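J.: Please put together the full structure from these sequences, using the hints given.
Protein sequence lines, in the order shown, are assigned to chains A and B. If you're matching positions, the first sequence starts at 1 in this note's numbering and goes up one per residue. If you're matching positions, the second sequence starts at 1 in this note's numbering and goes up one per residue.
Just so you know, these hints were derived from the structure itself, not from any lab. There could be a bad hint or two in this list.
Unchecked claim - Okay, derived cross-link-like pairs now, EDC-like style, lysine to aspartate or glutamate, Cα gap no bigger than 16 Å in a straight line:
id, chain 1, residue 1, chain 2, residue 2
1, A, 206, B, 332
2, A, 125, B, 129
3, B, 414, B, 428
4, B, 137, A, 116
5, B, 192, B, 212
Said to hold, decoys possible - Quick look at which bits of chain B chain A covers, simulated, 3 or more residues with Cβ under 8 Å:
id, segment
6, 44–51
7, 116–125
Small disclaimer: the values here were computed from a predicted structure and weren't measured. We put the beta carbon where it would ideally sit given N, CA and C, even for glycine.
2 protein chains.
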Amino acid sequence: MLTYSFEDKGYDSLYESLYKQIRQDILNYKLSPDEKLPSKRALAKHLNVSTITVENAYLQLMAEGYIYSVAKSGYYVSHVSSTKATETPRPAHLVDEVTPTPSFFVDFVNNSTSADNFPFATWTKLMRETMSDEADKLMVRSPSTGITPLRNAIADYLFQFRGMTVEPEQIVVGAGTDYLYSLIIQLLGRNKVYAVEDPGYQKISKMYRSNEVSCVPVPLDKNGVDIKYLDKTEADVLHISPSHHFPTGLVTPVSRRYELLSWASQTPDRYIIEDDYDSEFRLLGKPIPSLQSIDVLDKIIYMNTFSKTLTPTIRISYMVLPKGLMERYKKELNFYSCTVSNFEQYTLAKFIEQGYFEKHINRMRNYYRSQRDTIVSCIKKHPDYDKVTIREENAGLHFLLTVNTKYSDSQLVKRAADNGIHISCLSEYFSVQEKSLEHTLVINYSGIKKEHIEKAVELLFHSF
Amino acid sequence: MLTYSFEDKGYDSLYESLYKQIRQDILNYKLSPDEKLPSKRALAKHLNVSTITVENAYLQLMAEGYIYSVAKSGYYVSHVSSTKATETPRPAHLVDEVTPTPSFFVDFVNNSTSADNFPFATWTKLMRETMSDEADKLMVRSPSTGITPLRNAIADYLFQFRGMTVEPEQIVVGAGTDYLYSLIIQLLGRNKVYAVEDPGYQKISKMYRSNEVSCVPVPLDKNGVDIKYLDKTEADVLHISPSHHFPTGLVTPVSRRYELLSWASQTPDRYIIEDDYDSEFRLLGKPIPSLQSIDVLDKIIYMNTFSKTLTPTIRISYMVLPKGLMERYKKELNFYSCTVSNFEQYTLAKFIEQGYFEKHINRMRNYYRSQRDTIVSCIKKHPDYDKVTIREENAGLHFLLTVNTKYSDSQLVKRAADNGIHISCLSEYFSVQEKSLEHTLVINYSGIKKEHIEKAVELLFHSF
Chain A
1 MLTYSFEDKG YDSLYESLYK QIRQDILNYK LSPDEKLPSK RALAKHLNVS TITVENAYLQ
61 LMAEGYIYSV AKSGYYVSHV SSTKATETPR PAHLVDEVTP TPSFFVDFVN NSTSADNFPF
121 ATWTKLMRET MSDEADKLMV RSPSTGITPL RNAIADYLFQ FRGMTVEPEQ IVVGAGTDYL
181 YSLIIQLLGR NKVYAVEDPG YQKISKMYRS NEVSCVPVPL DKNGVDIKYL DKTEADVLHI
241 SPSHHFPTGL VTPVSRRYEL LSWASQTPDR YIIEDDYDSE FRLLGKPIPS LQSIDVLDKI
301 IYMNTFSKTL TPTIRISYMV LPKGLMERYK KELNFYSCTV SNFEQYTLAK FIEQGYFEKH
361 INRMRNYYRS QRDTIVSCIK KHPDYDKVTI REENAGLHFL LTVNTKYSDS QLVKRAADNG
421 IHISCLSEYF SVQEKSLEHT LVINYSGIKK EHIEKAVELL FHSF
Chain B
1 MLTYSFEDKG YDSLYESLYK QIRQDILNYK LSPDEKLPSK RALAKHLNVS TITVENAYLQ
61 LMAEGYIYSV AKSGYYVSHV SSTKATETPR PAHLVDEVTP TPSFFVDFVN NSTSADNFPF
121 ATWTKLMRET MSDEADKLMV RSPSTGITPL RNAIADYLFQ FRGMTVEPEQ IVVGAGTDYL
181 YSLIIQLLGR NKVYAVEDPG YQKISKMYRS NEVSCVPVPL DKNGVDIKYL DKTEADVLHI
241 SPSHHFPTGL VTPVSRRYEL LSWASQTPDR YIIEDDYDSE FRLLGKPIPS LQSIDVLDKI
301 IYMNTFSKTL TPTIRISYMV LPKGLMERYK KELNFYSCTV SNFEQYTLAK FIEQGYFEKH
361 INRMRNYYRS QRDTIVSCIK KHPDYDKVTI REENAGLHFL LTVNTKYSDS QLVKRAADNG
421 IHISCLSEYF SVQEKSLEHT LVINYSGIKK EHIEKAVELL FHSF
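T.: Below, the structure is given as structure tokens:
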């Protein structure tokens, strides 16, 4: 008869310990395939445990397939082979990187929000209100496109501050624009050719490539996407940021906007994805009207995000689909669960509805404007100011700085890095290299601490 | 000279009102293309406003491309055509559906968490702690794969409660399993053939179809996926739930598990996606060991979610990649932003680390067990109990109920609906229809209110 000891069972219950010991014997072939096990009652008596203990161990072994039962006969060992019968050690914890490598004194490339600028007190208050007032609603699955109050709030916001007339039903909320892009590909079809701006935000073409759809870069002229070039491509879908192009800062004028809409109108399959990522932060004058607001042919998929306005670490973006595409979404993609948690959807809805979002944007716009003014004035006061030219400083959260220098772009980046400054050059964003693009830096200043600005400008000039 | 009135300007500033009036005149061709505009100074004097007001209006018109400037000459009207010059009304709000249509007295198909079962007090406390203690960290972008403390906490949890040895670096956190599936397709390649269980969770094959990758259904025998059938397909990747199959409740025994691993080992491109969606809620005995824990060839992509254990309305899932695939992820997909907000990642990490998750699961397991016991005992007490057979009631949050009835499956569903009961039949989940599948109901009881159970069982029997 099988004999097992329970002395080393540790925190295991009796049945767990018995189950593990029998399993070990099966894996080590001490018990052979098709060997009959003792009856529950006999084994229980032999081991001086209750029948229930043996029964539970047998049931677990059976559930996992180590043994099988034959009616009116008993339990038998299954045919099992094993390569991993020994216990493995507990895995080590990952250690959080305290400082990213290489670490810069000032980073003009990657933007982030400083904790001082995020409305923690209000957000915490609204989150608490949401949890106590809306407990039941929080447990009800969000529609695939997002909860109703948030879509209403976004439609109101777009109407009041962006002059756009959008039905809440046209809005799809998702965890970041990356995710929404993947829905667009599923919606418009993988067989379409997607055109992206060259130069442009590199993540967008990476995303298309990673999804294995054809993606063609289209060069820009001084008014935005080159329509003649675009016409010669096979492109069906054009992905652009007409209100503020990254990295050039270009604003597409209204005449070109109508040309783009006209391009889109030529076949039923053509669409334009309008990525309006930082229109809230135009620092001079009113925001530029969106393409979506002058589109009468339902050709524009409008996208925006709360990454720039709140923080990139809250993952909420949205898109506005033309009505026809929304119907297709409902038919084909509505089975997807919404990717944003209810807790944050309800909190953000309150944040917008109660006017906090508007106040926050105004505050941030002033903050960024003063940030920009300080940097620009530091640059202007510098003894070597005649060596540089500042361009596109009003359009959004970055500007261009063209430098008269003997160093190549890669030398400039290297020299700046040696001085503790992270910069990128305009030329890095182009797929083809031209002499005329050299010596222009993209200065993204939204994450720079005020007290670092003067020193940063000094070190920057030192790198030229 | 252009003459404008500011009487109707409402809340607009002077410059905004002037900008709008000039734009209107350009769109209506009152001002012709290439017509010269008055100088800023002259117009300001004429309208009795400051030069700055006119300048700002001109700059806005220029930024949007309605006018252009010629050096040392002045401002001119651009060539602009318009089809949408009138203001549109504010869109109407969507009204939240208070009760979904059709509304059922009891829903045995869709599960949800009742607000009484979600640990609101603890979650709110931890969320508040996170916001006050970790403000700075909350503003730092999460790695693409998720924040370090959450991946450490998940690795510990898998080790302690699932017997799995997983390095935190192997874990990818994402907003729901749907999203993680799309990453797997990008990682393994769109040219692969994906096999899914037939019957199975329909969303999975929908997702593959929506991503336009080949997807073959593979039938099950009594031990899980039919290996002989699988061998005859072109499948590279097998997507299964071996610990608890939906909807049959089948647990794949260890012998079949080794056969599956052996299938995967045959070519380098083969992988198995192990979807462990409700292993925490095995109601009898210990959880079934995962396939991942017996895999020594790095062939298993393990997936799990907090939807079942916490609530489907918090969107946090994760996958464990074999080390080789994780390297590929780092090279090819690391550019994607993590789809879960930092706020919820840090809160969940604390929830697991501080032992609340374990307590919560134990509480929920007891709750579901008592739920299940009540339903089963109501069924057993029913005078028509001899008409039905209960199967697979220990494996997870649903069981099967086979009914001796003259009605067809669609009639059964219809009759139950007329009685206010939402049910689904096993046959609905199969791609081919067989007589033997008829008359078996899938009873998903996790969302049923205790006080409704007796009445629900009564109404259910009334439908047979």
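J.: What are the numbers of the hints that this structure violates, sorted from low to high?
T.: 6
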